[in-house]
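S.K.: One-letter residues, chain by chain:
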Amino acid sequence: QFLGGLGFVMVEKGTSLLKMMEISVAEAEKRTGKNAVNMQETYTVYLIETRPVDAASEGTNPVPDSLWRRYSEFELLRNYLLVTYPFSVVPPLPEKRAEFVWHKLSADNMDPDFVERRRVGLENFLLRVASHPDLSSDKIFYSFLTEENGWKETVFETGFQAKADSRLKALNATFRVKNPDKRFAEMKHYGDELQSVISQLLRVRARAADRLYGVYKVHGNYGRVFSEWSAIEKEMGDGLQSAGHHMDAYAASVDDILEEEEHYADQLKEYLFYADALRAVCRKHELTQYELEMAAQDLTSKKQQREELATGTIRTFSLKGMTSKLFGQETPEQREAKVKMLETQIEEGEELVKERNTECEEFVKSAWVDIERFKEQKDHDLREALISYAIMQISMCKKGIQVWNNAKECFSKM
Amino acid sequence: MLRLLSQQLRLNERDLHASVFGPGKDSKTDTSTTQTDGSSFNASMQTSPASMINQYKFEEEEEDADTKDIFVTVDNPESHVTAIETYITYRVETKTTRSEFDSSEFEVRRRYQDFLWLKGRLEEAHPTLIVHPLPEKFVMKGMVERFNEDFIETRRRALHKFLNKIAEHPIFSSSEDFKIFLTAGSGELTSHKKQGPGFLSRMGETVKAVAAAVRGVRNRPQEFTDMQEYAEAFSQKISSLDKVTQRIVREQKEYLEELKECGPTYALWSQSEQELAEPLKNVAGCVDNCCKETEEQVKHLNDHLIPVLHEYVLCADTLKAVLRRRDNIQADFEGKTEALATKKADRDADSKVLSLAWDSLVGRSPEEVKQQKQQKLKGEIKEMRDELDKAEDRLEWANNALKTDWTRWQKVMRTDLRSAFIDTAERNVSYYEKCLAVWESFLQSQRTDAEGNGNVDSS
Numbered sequence: 001q002f003l004g005g006l007g008f009v010m011v012e013k014g015t016s017l018l019k020m021m022e023i024s025v026a027e028a029e030k031r032t033g034k035n036a037v038n039m040q041e042t043y044t045v046y047l048i049e050t051r052p053v054d055a056a057s058e059g060t061n062p063v064p065d066s067l068w069r070r071y072s073e074f075e076l077l078r079n080y081l082l083v084t085y086p087f088s089v090v091p092p093l094p095e096k097r098a099e100f101v102w103h104k105l106s107a108d109n110m111d112p113d114f115v116e117r118r119r120v121g122l123e124n125f126l127l128r129v130a131s132h133p134d135l136s137s138d139k140i141f142y143s144f145l146t147e148e149n150g151w152k153e154t155v156f157e158t159g160f161q162a163k164a165d166s167r168l169k170a171l172n173a174t175f176r177v178k179n180p181d182k183r184f185a186e187m188k189h190y191g192d193e194l195q196s197v198i199s200q201l202l203r204v205r206a207r208a209a210d211r212l213y214g215v216y217k218v219h220g221n222y223g224r225v226f227s228e229w230s231a232i233e234k235e236m237g238d239g240l241q242s243a244g245h246h247m248d249a250y251a252a253s254v255d256d257i258l259e260e261e262e263h264y265a266d267q268l269k270e271y272l273f274y275a276d277a278l279r280a281v282c283r284k285h286e287l288t289q290y291e292l293e294m295a296a297q298d299l300t301s302k303k304q305q306r307e308e309l310a311t312g313t314i315r316t317f318s319l320k321g322m323t324s325k326l327f328g329q330e331t332p333e334q335r336e337a338k339v340k341m342l343e344t345q346i347e348e349g350e351e352l353v354k355e356r357n358t359e360c361e362e363f364v365k366s367a368w369v370d371i372e373r374f375k376e377q378k379d380h381d382l383r384e385a386l387i388s389y390a391i392m393q394i395s396m397c398k399k400g401i402q403v404w405n406n407a408k409e410c411f412s413k414m
Numbered sequence: 001m002l003r004l005l006s007q008q009l010r011l012n013e014r015d016l017h018a019s020v021f022g023p024g025k026d027s028k029t030d031t032s033t034t035q036t037d038g039s040s041f042n043a044s045m046q047t048s049p050a051s052m053i054n055q056y057k058f059e060e061e062e063e064d065a066d067t068k069d070i071f072v073t074v075d076n077p078e079s080h081v082t083a084i085e086t087y088i089t090y091r092v093e094t095k096t097t098r099s100e101f102d103s104s105e106f107e108v109r110r111r112y113q114d115f116l117w118l119k120g121r122l123e124e125a126h127p128t129l130i131v132h133p134l135p136e137k138f139v140m141k142g143m144v145e146r147f148n149e150d151f152i153e154t155r156r157r158a159l160h161k162f163l164n165k166i167a168e169h170p171i172f173s174s175s176e177d178f179k180i181f182l183t184a185g186s187g188e189l190t191s192h193k194k195q196g197p198g199f200l201s202r203m204g205e206t207v208k209a210v211a212a213a214v215r216g217v218r219n220r221p222q223e224f225t226d227m228q229e230y231a232e233a234f235s236q237k238i239s240s241l242d243k244v245t246q247r248i249v250r251e252q253k254e255y256l257e258e259l260k261e262c263g264p265t266y267a268l269w270s271q272s273e274q275e276l277a278e279p280l281k282n283v284a285g286c287v288d289n290c291c292k293e294t295e296e297q298v299k300h301l302n303d304h305l306i307p308v309l310h311e312y313v314l315c316a317d318t319l320k321a322v323l324r325r326r327d328n329i330q331a332d333f334e335g336k337t338e339a340l341a342t343k344k345a346d347r348d349a350d351s352k353v354l355s356l357a358w359d360s361l362v363g364r365s366p367e368e369v370k371q372q373k374q375q376k377l378k379g380e381i382k383e384m385r386d387e388l389d390k391a392e393d394r395l396e397w398a399n400n401a402l403k404t405d406w407t408r409w410q411k412v413m414r415t416d417l418r419s420a421f422i423d424t425a426e427r428n429v430s431y432y433e434k435c436l437a438v439w440e441s442f443l444q445s446q447r448t449d450a451e452g453n454g455n456v457d458s459s
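Residue numbers (the UniProt record's numbering), protein chains in the order written: chain P, 1 to 414; chain C, 1 to 459.
Heads up, some of the hints might be wrong.
What the hints assert, rightly or not - Straight-line alpha carbon distances no greater than 30 Å define the calculated DSS-like cross-link-like pairs of lysine-lysine that follow: (1) P:Lys217 - C:Lys292; (2) P:Lys408 - C:Lys161; (3) C:Lys194 - P:Lys408; (4) C:Lys403 - P:Lys399; (5) P:Lys398 - C:Lys253; (6) C:Lys281 - P:Lys375; (7) C:Lys194 - C:Lys208; (8) C:Lys299 - C:Lys411; (9) P:Lys302 - P:Lys163; (10) P:Lys413 - C:Lys208; (11) C:Lys260 - P:Lys378; (12) P:Lys19 - P:Lys375; (13) P:Lys217 - C:Lys260; (14) P:Lys408 - C:Lys165; (15) P:Lys399 - C:Lys292; (16) P:Lys234 - C:Lys434; (17) C:Lys292 - P:Lys408; (18) P:Lys169 - P:Lys375; (19) C:Lys161 - P:Lys413; (20) C:Lys281 - P:Lys413; (21) C:Lys403 - C:Lys336; (22) P:Lys398 - C:Lys260; (23) C:Lys253 - P:Lys408; (24) C:Lys68 - C:Lys253; (25) P:Lys378 - C:Lys281; (26) C:Lys165 - P:Lys234; (27) P:Lys399 - C:Lys434; (28) C:Lys194 - C:Lys165; (29) C:Lys243 - P:Lys413; (30) C:Lys403 - P:Lys234; (31) P:Lys178 - P:Lys188; (32) C:Lys299 - C:Lys260; (33) C:Lys411 - P:Lys398; (34) C:Lys299 - P:Lys399; (35) C:Lys253 - P:Lys217.
As the list claims (entries may be wrong) - Computed, partial: chain C to chain P, Cβ under 8 Å: (36) Ser240; (37) Glu251; (38) Tyr255; (39) Leu268; (40) Glu275.
Source of the hints: derived by calculation from the structure; they are not laboratory data.
Backbone N, C-alpha and C define an ideal beta-carbon position, used for all residues, glycine too.
Required output: the full structure, derived from the provided sequences and hints.
M.R.: Set out below in structure tokens:
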């Protein structure tokens, strides 16, 4: 099993791509160049390295293949996957801009710590996709990893943009489904709750981190004052001076502690964004359902129109009907033509309904499989995250015990 | 050295007292009026050999911290309401094996004013000894309520420490005022208080002290200048430590506020989950436990370290005051030296043209006048010489007393601050140990869970 950069990516047995190749996002670099409007811009690129699995296990360890990609290309890849696999809970990208920062953490995208955390997040994204039963075999994904030039064009050639646009329009419009699927409604609700509670947790955690930083850093002042005080004392001097050093060490230790906690925050953030992906699937299902219902509704109305024409009773209102009433009845030939047209439309409509029905059923089937898979993954990952949080807390406590025991010894020598 | 000095100190306390506060009983000339303050000197003025030996033994034992023989407790604050005012009294309980106490156990009630009085008396009697500070009369910032529970408790603790510091001091513990404070009924105490030097003599004392201060000291020995520098520096450092510690408490409290929201958030999350519900609830519980521990830890800092640091901030001021008083004693001595020299110069001056002229005007012979003048000067000079000798003695005793008590104070300070810091460090270790246990139990529960479910994680 290949564990990702953060050590918590669960890889399923029998996944296609990861069985074949090792993937990593090894480095990040700053570049400058001209953008679309011919202006100078600075951006970061990330080095994607791939290596066939067999080669490593043979012990020859060849140089990996590599190419550089920037964040926007990752975004393009993900958008493509979203449109092409609407029933999959598509792994999220690390955040575009730093959110939930506490004061010491920079909100600057160019900040080296942010870039490093993003590098790790991007690697995690690739590993998640590569271990996904459906997404890992996608050709565009493969060429993302292996073909530096012309990849963008290849993606656009798939025509996913058009689908994306129409889907986007539909998704953003408000519509109501007559017979909502209970399971998906519950899932969507769960996605809402998950997003809300993780946001809250991240916010609270960031504020607490800020405060903790303050507590530790103020102890550094002890170091300074003890040192100054030791200068005027005779017997107490040594004890004070060395105790002061431990206070300085204590103050400095918070930087590592909080950096580790950022990893935990990143793990939570991934699932914050996953919640979004989950909701997207539910929304797309709703859309599919809605389209089916629309088609069915349309078919029913057309059938009714045919019936009316055949029996001559007007039950449904139609403009044509009204105008014919006002401007005179139509000829039998005209009626004949109309009936024929309706028959064609009804045929087409039945086809459409069948199609949409199948689409819907397949969507539900595939989506539900992936949702179950996602649920298991989420339960496992988050449990691991909580465990690693506990381990972090324990480590912090151990450091604290050590520092204060040392300080106590120094104080005893005062 | 301390023992001998204490003995000698007791015999010459009244002279010491006199140099700063005006003439009192004089063992040499016996001309002045009796001190009517039922003074602190009485106990120490017993001149029978037996009692001297007693005191001698005392001091020896007192040097050994384990054989403290006066134990004082301050507790049980009670509110008293009268037509004029509302005030708090504290129960002061004393247990002692000392012979000069009529009994071995006493219980009285005292209010803050009474403590102030005692402190004043000790300082008057021993201007260059270091009296442990009392908690402040009014609270600076923050609390306004004098009768706020926390305020009363903090004050009670400080008063308790004050009395115990007095009880542990080789000289103060034998003070008659101290004994009366510990044992007298409230009526007795009130009448004893009234026996202090009267208002007018107090005025005289203050004027003398101000005059001495204005005169300033000319040749301060280096060691006292060193002490002053130390007192300044110590004052700064201990004030900084006080401020730093208060800042830590503030930051901890703000951290606690944020942390208090974490647990409930995890609990809220657990309500949306199935598999994750149990670990999330568990984590919520752990965070809440850590909150409780943090709260305790903050309370400990507030109740233990901060009061000690605060006491020593006040001590630093006491040090400076004691050094000032010593300076005044020296200034007084220097002033008297100068005055004597001037008088002698007068005596040795050949003629006083103007005065002789005047005297001849009023019909006295030059020789007569000269004789009278010389007699007068001789008398004045003798008086001044006596005064100067006394001032010199006072100065010597003041200096020695200060030096000895300074050393003693430094030892006590060192012990107090050392144990306060050790205590804080131990508390912090305990805090982290408790939090550690909380999180380890979480890990344990997850491990047994995992094993129960058949997945063993490689964490």
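S.K.: Work down the list of hints and note, for each, if the structure agrees.
M.R.: Evaluated hints:
1. P:Lys217 - C:Lys292: 22 Å, holds
2. P:Lys408 - C:Lys161: 24 Å, holds
3. C:Lys194 - P:Lys408: At roughly 49 Å apart (the allowed maximum being 30 Å), lysine 408 of chain P and lysine 194 of chain C break the hint.
4. C:Lys403 - P:Lys399: Distance of about 44 Å is beyond 30 Å: violated.
5. P:Lys398 - C:Lys253: 22 Å, holds
6. C:Lys281 - P:Lys375: 19 Å, holds
7. C:Lys194 - C:Lys208: 23 Å, holds
8. C:Lys299 - C:Lys411: 28 Å, holds
9. P:Lys302 - P:Lys163: Holds. Lysine 302 of chain P to lysine 163 of chain P sits at ~28 Å (cutoff 30 Å).
10. P:Lys413 - C:Lys208: Roughly 46 Å between the alpha carbons, so the hint for lysine 413 of chain P and lysine 208 of chain C is violated.
11. C:Lys260 - P:Lys378: 26 Å, holds
12. P:Lys19 - P:Lys375: 23 Å, holds
13. P:Lys217 - C:Lys260: Holds, because 21 Å separates the two Cα atoms, which is no more than 30 Å.
14. P:Lys408 - C:Lys165: It holds: about 25 Å lies between the C-alpha atoms, which stays within 30 Å.
15. P:Lys399 - C:Lys292: 20 Å, holds
16. P:Lys234 - C:Lys434: Distance of about 37 Å is beyond 30 Å: violated.
17. C:Lys292 - P:Lys408: 24 Å, holds
18. P:Lys169 - P:Lys375: 29 Å, holds
19. C:Lys161 - P:Lys413: Between lysine 161 of chain C and lysine 413 of chain P the Cα gap is close to 24 Å, so the pair holds against 30 Å.
20. C:Lys281 - P:Lys413: At roughly 45 Å apart (the allowed maximum being 30 Å), lysine 413 of chain P and lysine 281 of chain C break the hint.
21. C:Lys403 - C:Lys336: 24 Å, holds
22. P:Lys398 - C:Lys260: 22 Å, holds
23. C:Lys253 - P:Lys408: 24 Å, holds
24. C:Lys68 - C:Lys253: 39 Å, violated
25. P:Lys378 - C:Lys281: 17 Å, holds
26. C:Lys165 - P:Lys234: 24 Å, holds
27. P:Lys399 - C:Lys434: Satisfied, since the Cα-Cα distance of roughly 14 Å is no more than 30 Å.
28. C:Lys194 - C:Lys165: With a Cα-Cα distance of about 25 Å, the restraint between lysine 194 of chain C and lysine 165 of chain C holds, given a limit of 30 Å.
29. C:Lys243 - P:Lys413: Holds - the C-alpha atoms of lysine 413 of chain P and lysine 243 of chain C are around 24 Å apart, at most 30 Å.
30. C:Lys403 - P:Lys234: 16 Å, holds
31. P:Lys178 - P:Lys188: Holds, at roughly 17 Å.
32. C:Lys299 - C:Lys260: 16 Å, holds
33. C:Lys411 - P:Lys398: 34 Å, violated
34. C:Lys299 - P:Lys399: 22 Å, holds
35. C:Lys253 - P:Lys217: Holds. Lysine 253 of chain C to lysine 217 of chain P sits at ~15 Å (cutoff 30 Å).
36. Ser240: Status holds, d = 5 Å.
37. Glu251: 4 Å, holds
38. Tyr255: 4 Å, holds
39. Leu268: 6 Å, holds
40. Glu275: Hint holds; glutamate 275 of chain C Cβ to chain P Cβ min 4 Å, cut 8 Å.
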